[in-house]
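Just need the whole structure built from these sequences, with the hints factored in.
Given next are the chains, with one letter for each unit.
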Amino acid sequence: DTAVSQTPKYLVTQMGNDKSIKCEQNLGHDTMYWYKQDSKKFLKIMFSYNNKELIINETVPNRFSPKSPDKAHLNLHINSLELGDSAVYFCASSLPSLGRPRTQYFGPGTRLLVL
Amino acid sequence: DAKTTQPTSMDCAEGRAANLPCNHSTISGNEYVYWYRQIHSQGPQYIIHGLKNNETNEMASLIITEDRKSSTLILPHATLRDTAVYYCIVSGDSGTYKYIFGTGTRLKVLA
Numbered sequence: 001d002t003a004v005s006q007t008p009k010y011l012v013t014q015m016g017n018d019k020s021i022k023c024e025q026n027l028g029h030d031t032m033y034w035y036k037q038d039s040k041k042f043l044k045i046m047f048s049y050n051n052k053e054l055i056i057n058e059t060v061p062n063r064f065s066p067k068s069p070d071k072a073h074l075n076l077h078i079n080s081l082e083l084g085d086s087a088v089y090f091c092a093s094s095l096p097s098l099g100r101p102r103t104q105y106f107g108p109g110t111r112l113l114v115l
Numbered sequence: 001d002a003k004t005t006q007p008t009s010m011d012c013a014e015g016r017a018a019n020l021p022c023n024h025s026t027i028s029g030n031e032y033v034y035w036y037r038q039i040h041s042q043g044p045q046y047i048i049h050g051l052k053n054n055e056t057n058e059m060a061s062l063i064i065t066e067d068r069k070s071s072t073l074i075l076p077h078a079t080l081r082d083t084a085v086y087y088c089i090v091s092g093d094s095g096t097y098k099y100i101f102g103t104g105t106r107l108k109v110l111a
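Chain order of the listed sequences is Y and S.
If you're matching positions, the first sequence starts at 1 in this note's numbering and goes up one per residue.
If you're matching positions, the second sequence starts at 1 in this note's numbering and goes up one per residue.
By construction, these hints were calculated from the structure, which means they are not laboratory data.
Hints are not guaranteed to be accurate.
As the list claims (entries may be wrong) - Incomplete in silico selection of chain Y near chain S, CB under 10 Å: (1) Gln6; (2) Tyr33; (3) Leu43; (4) Phe64; (5) Phe90; (6) Arg102; (7) Thr103; (8) Arg111.
Heads up, the beta-carbon is just placed ideally off N, CA and C, and yes, glycines get one too.
Now the structure itself:
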């Protein structure tokens, strides 16, 4: 069974379009994250949700909007796609154990190419 | 900025132990040290974590210095499939538990 899954795996689209990436985890975790890995391979946190509540919101353009319909899902919607949005987007999840390690488990990534 | 520094790259002969160092001199008392690796462009894979004691699991061992300012990940018998970028991360409730990835160490296991 896949622990953290993302769809689609690949996404090729035109500038200006709106697209969504979906993430689901079956680990029973309460906290989910979105990361972006750019062409230089830097991995950066974008957002984090705990039990459907936004807890981390890094400096990300307003065109990016995460949505968590329930604690097992965290989707990423991107409006007005730009060339610079081309990257690999990773979803992750963890347990929100207070004072204990929050090991994150990552999905396989969604490769977004904006033309 | 990442709170860790790692060498950019390392080579290791197949079958030998790979020792990957990490400096985290500004680590806080409640922050854990985590190690992940990324093979090609797959999702980062969890390896091991620790607070202050040394840890071992089926994948690797983690040695943390007494002052907690540095650590070493040990892959006891490296194989070609261990070729990857290895990331050392410190994280705890002082930073909302978020991970800040550095550039990692690119480990190449040589046949």
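Status of the hints after comparison with the structure:
1. Gln6: 9 Å, holds
2. Tyr33: 8 Å, holds
3. Leu43: 4 Å, holds
4. Phe64: Result: violated, 16 Å to nearest chain S Cβ.
5. Phe90: Check passed: Cβ of Y/Phe90 comes within 5 Å of chain S, closer than 10 Å.
6. Arg102: Holds, because the Cβ-Cβ distance from Y/Arg102 to chain S comes to roughly 5 Å (cut-off 10 Å).
7. Thr103: Result: holds, 6 Å to nearest chain S Cβ.
8. Arg111: 8 Å, holds
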